[in-house]
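Each chain, letter by letter, is given below.
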Amino acid sequence: MSRQAVAAGLVGATAIALGSLLFAGLPRWYGPVDARTAAPSAAPTTIAPGRKIKAHLFYVAEDGLRLTSVEHDVAYGDGPLEQAREILNAQVAPVAEPTVSAVPPGTTLRALFLTDRGVAFVDLSREVAAAHTGGTDSELLTVYTIVNALTMNLPAITTVQVLVDGKEVETLAGHVDLRRPLARNLDLVQ
Amino acid sequence: MSFRPRFLFPATSLLALGLMLAPALFGQGTAPSLTLIARDGRRAIPLTLVADQEFVALDDLAAQFQLAVQESLGAVTVSYKGKTIVLTPDQTLASVAGRLISLPAAPSRSGRRWLVPVEFVGRALAPIYDSRVELRKPSHLVIVGDLRVPRISTRYDAIGSGGRLTIDASPRATSTVSQDGDHIFVKFDADALDTPATVFAAPAAPTLVQGVRLVDPLTLGVDLLSRFGGFKATSQPVDDTMRLVLDLAGGQTDTTPPPSNPPSNPQSAVPTPPSSPPPELPPAFGQSAPAIRTVAIDPGHGGDDAGVRGSNGVKEKDLALSVARRLKGLLEARLGIRVLLTREDDRNISIDERAAIANNNKADLFVSIHANASMRNTTAGATVYHAAFFADAAQAAGAARPERLPTFGGGLRDVEMVPWDLAQTRHLAQSGAFSDLLIAQLGDRIPLALRPTGEAPLRVLESANMPAVLVELGYLSNATQEKQMAGETFQNVFVQAFYDTVVRYRDSLHAGEAPGDRASRDFK
Chain A
1 MSRQAVAAGL VGATAIALGS LLFAGLPRWY GPVDARTAAP SAAPTTIAPG
51 RKIKAHLFYV AEDGLRLTSV EHDVAYGDGP LEQAREILNA QVAPVAEPTV
101 SAVPPGTTLR ALFLTDRGVA FVDLSREVAA AHTGGTDSEL LTVYTIVNAL
151 TMNLPAITTV QVLVDGKEVE TLAGHVDLRR PLARNLDLVQ
Chain B
191 MSFRPRFLFP ATSLLALGLM LAPALFGQGT APSLTLIARD GRRAIPLTLV
241 ADQEFVALDD LAAQFQLAVQ ESLGAVTVSY KGKTIVLTPD QTLASVAGRL
291 ISLPAAPSRS GRRWLVPVEF VGRALAPIYD SRVELRKPSH LVIVGDLRVP
341 RISTRYDAIG SGGRLTIDAS PRATSTVSQD GDHIFVKFDA DALDTPATVF
391 AAPAAPTLVQ GVRLVDPLTL GVDLLSRFGG FKATSQPVDD TMRLVLDLAG
441 GQTDTTPPPS NPPSNPQSAV PTPPSSPPPE LPPAFGQSAP AIRTVAIDPG
491 HGGDDAGVRG SNGVKEKDLA LSVARRLKGL LEARLGIRVL LTREDDRNIS
541 IDERAAIANN NKADLFVSIH ANASMRNTTA GATVYHAAFF ADAAQAAGAA
591 RPERLPTFGG GLRDVEMVPW DLAQTRHLAQ SGAFSDLLIA QLGDRIPLAL
641 RPTGEAPLRV LESANMPAVL VELGYLSNAT QEKQMAGETF QNVFVQAFYD
691 TVVRYRDSLH AGEAPGDRAS RDFK
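Residue numbers (our numbering), protein chains in the order written: chain A, 1 to 190; chain B, 191 to 714.
Only chain B is shown next, with the shape it has when bound in the complex:
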């Protein structure tokens, strides 16, 4: 590999420091840094925030990737082994080895340094570099070379006196599970882990699991209550994900109230051998497992982005949040499933973050709630959209060839890679089926648009790695509909119809019915 580090940092301390500092850094609005992961270590590349766009200095990239940067004839030329990127100040277009690409912002000068949008790494640098370069913008990672860096997400479901902790590693990575007292350790067979700043969000109600933390760069530690009685671990590939399920049994005789914090010294706990599988828990991958366990609801817009404003003052962002809260309450109360809101209040949230919340929590369904507008103020009715992709994009995702990677102990393993922006391509049929079910339920309850279903390249749906729809409740540009939608009656009727749709959709999945014979429906 041609990549050579300039500085070597102890990987463990850097990762631990990053995990400790990440929430604080984000909370203070400070620009985060990119973490570059290569075979020979990790390094941080500073980022600069300009008008909400993350920039990286060309000098820093040049030092890390052995690039030559020259400024002449009003252009900035970046060269690597005879291949050239030509950037032009004030232009978002760049030439990469003769091909034209676009960047989200133009290069800008900061003192004597040139700053380029962080997307430069994936769109311009990666095509000319002789090793694989992958930019994971949501987690601020740059992976150089053929490394296995699975994204880790966790989910906990309380079941009777026990519970089930699901840990997903995507792309697939196998793991070994061990126990030490009230702690379970999961060590992944990978080169590094891509973990969110908060590995595990503890439920509000007391549960067996007190927390999940990163104990070293490749190991998760699960902190359990002392009344934990034993566990069974099973793993199974699901699409491109390796899903590890820990079925946890609660102790039968221990009535000690749970401690408020996990034990600080795991070695002091008395080791408990794993018990036999708890009889009260359902099998991890049996037919009886619920097909829908988590639903992610995305109230559109928020914060500075009010969305559509009705002539009587109703704002789309407020309407969407109101409906989302009602929907969450009904689904949780009647179905006992977990329901996530991508925003709980009136605040800014990026489109990528909305999809990331659903993906990281392994939601089984994603719905984005919106209100529509038309240039003609008589247009009325609800519309349900699902995503559409160009044929070449869908084919690219469908034909994403597995990468053959070496494993520890010898041998090779195929790991399937799906681009973030194309995650929805594999769920289009189910998304379309859910859309049809929802329209059928809404049909005799609220007004529908003349074209009640649609397919479009909608940004918020494209990265959702589960069946996903965007619902336009009606038209705020229509004064009659504005008044109607702002009312409690309309919102409750919609929420009830959505609940009925989820029940029917879940039942169809349980029955093993095909979600529909729709193929990928692309714009021609």
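Same shape as in the complex, but just chain A:
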């Protein structure tokens, strides 16, 4: 009797394991690409209300050639992905004079993905390219505003690839290569 019970238990456990694999494991492994490594930005975040962190955001320096780092209070995010989203939302938000942002007006964060290798994929709205003034310097400042905002504040993020309107792009305005993730650039920071 006890042997039958043990056998039945084993069969039951195997069935539960297979069921878990089929209905929980496989969809996670073979489902949407970002499901395993990241979460889409549209998902609500779990942020303690009112909790803030200090983060360095980047704006155009007086000489117009470099970025200057400004410390801001940014909403706390639970984990690197959520914190990255909060930092980016603060970085692309409109600013009041005399501060000048290198991110074109109207630009919003559409989605954010983070791989376990420390690569962040930042999907920005089409305004980041369509409303761009052009010029190599402006484009460099725009791109590295985003790249530096993540890599300087979050050690878990080492490189950043900018996407536009959900797609990989060659450049924003014809100059800076965006086909690969970019590392931080301190030469551009004052």
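These aren't lab readings, by the way, just hints derived from the structure by calculation. Backbone N, C-alpha and C define an ideal beta-carbon position, used for all residues, glycine too. Honestly, I wouldn't trust all of these hints.
To be verified - Which residues of chain B face chain A? A few of them, derived with a C-beta cut under 7 Å, are:
1) T282
2) P294
3) G497
4) M565
5) P647
6) R649
As the list claims (entries may be wrong) - The calculated label-pair distances, taken between Cβ atoms and stated as ranges, are:
7) S501/B <-> E62/A: 12 to 22 Å
8) V240/B <-> A131/A: 19 to 29 Å
9) S512/B <-> R51/A: 54 to 64 Å
10) T267/B <-> R179/A: 48 to 58 Å
11) A130/A <-> D280/B: 46 to 56 Å
Model the placement of chain B on the given structure of chain A, informed by the hints.
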């Protein structure tokens, strides 16, 4: 090799058909096709153009590469021998054997078929396939297996009554040269040739060479004027290229005007034995050979892309073209070198095409002309950029290990491979040296920016296989500079300074000076 063809086409007829149809197809804006080259033949894979992005059907790839394609749980899974690619509709990211990659566009459905960007072949399929798969997007080739498919480019320089035809094969491929009357034939030791749609652009002025054409999949035919007097062929490896130089002598007594077309029947011409080397031509690889023979000038933007627009209406694309034309005129007139413009008028041209024009013509120098913009309208001055790469990219290109390939007749040969996107890595020191020279010449003639030189991952420079810089003339966002740059005086001063820089750079190369002690300067 696991690759098996579904259809076998006669390679010669397909290549000839492709060469004949390519210009017409491109001219009509029809989507071209990918040509797949494998050990057992060639096949065409249709492409579909959607918003200027080339797509290929997964079904077509599956048929050619024995892939299994399944759609389930909102994802498209592509499998090959236990390795899996997972694509998600509306997502440009894909999982390739567990690694995340990005594509330039998301997969899209066309009827019952799934279309993927053509880059899928190189980024997703190649890593999981058990043979080498190389996508050459500019020439629409997919090479499967360890095949030798050198890129062929030609250049002609008139020298006295003769001329010099340079034929480059990259990666290196040896060739044999033979003559039949007024025709020289160059047969390459390769599996196939990667030739541009137009193998040879005939110069405007009458020259000894009337045309270069593909006479069979591995042979170029050089059509010569009847006053051609003889030739000397020499070949030498240059970096990853095997350079064949044909020094051509003009006939001394034949004053017959050149025919307007090459002879249609090469066999009817009277065979002429090769003569001794023409005495008036310089040695092919001697010290006296000019260090700069071709300069490629790239006027930035163009067509629908106006670039920066000044507050007074000056457009970057127009300014760049105006300066480029002036520069071409001055360099050609004073130095007698060939100067190419990547665009001669106001039209769209892709970034890859700009680099390809310079590379295919074996330019010795590439300069991209632009005008800058700043979010602050007081910023002013010129800046000269050269390319920067990540350390791992530069190391990857520098350490590109030669592939050991078998040769006809036995034996092995090392062939160096350099990725298209990393071609500039080997020229960074010279590009930096040229940048410094240019800034020194510009310094007391036009305003310079506070940071007049820079290094950045600039797309147009990365694929240039020669010293290359991008010049920002000044800031169109600054109304004073806009007015200044639009004027003839500013443009002529810049052009003169650039000319002086080229002369100094050429002289330094002639003198054998090191281009600078700069190492690869990468972003950290």
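Verification of the supplied hints:
Taking 7 Å as the C-beta contact cut-off toward chain A, the hint placing T282/B at the interface holds, the least distance being around 5 Å. Hint status for P294/B relative to chain A: holds, with the closest Cβ pair at about 5 Å, below 7 Å. For G497/B, the interface hint holds, the least distance from its beta-carbon to any beta-carbon of chain A being 5 Å, beneath 7 Å. With a least beta-carbon distance of about 5 Å to chain A, the hint placing M565/B at the interface is held under the 7 Å criterion.
For P647/B, the interface hint holds, since its Cβ comes within 7 Å of a Cβ in chain A; the closest pair sits about 5 Å apart. With 7 Å as the threshold, the beta carbon of R649/B comes within range of chain A, its nearest partner Cβ sitting at about 4 Å, so the hint holds. Checked against the given bound of 12 to 22 Å, the beta carbons of S501/B and E62/A, roughly 21 Å apart, stay inside it. Checked against the hint of 19 to 29 Å, the pair V240/B and A131/A passes, with Cβ atoms roughly 24 Å apart.
With their beta carbons about 57 Å apart, S512/B and R51/A fall inside the hinted range of 54 to 64 Å. The hinted window of 48 to 58 Å between T267/B and R179/A is violated, with their beta carbons roughly 25 Å apart. Between A130/A and D280/B the Cβ separation comes to about 20 Å, which falls outside the hinted range of 46 to 56 Å.
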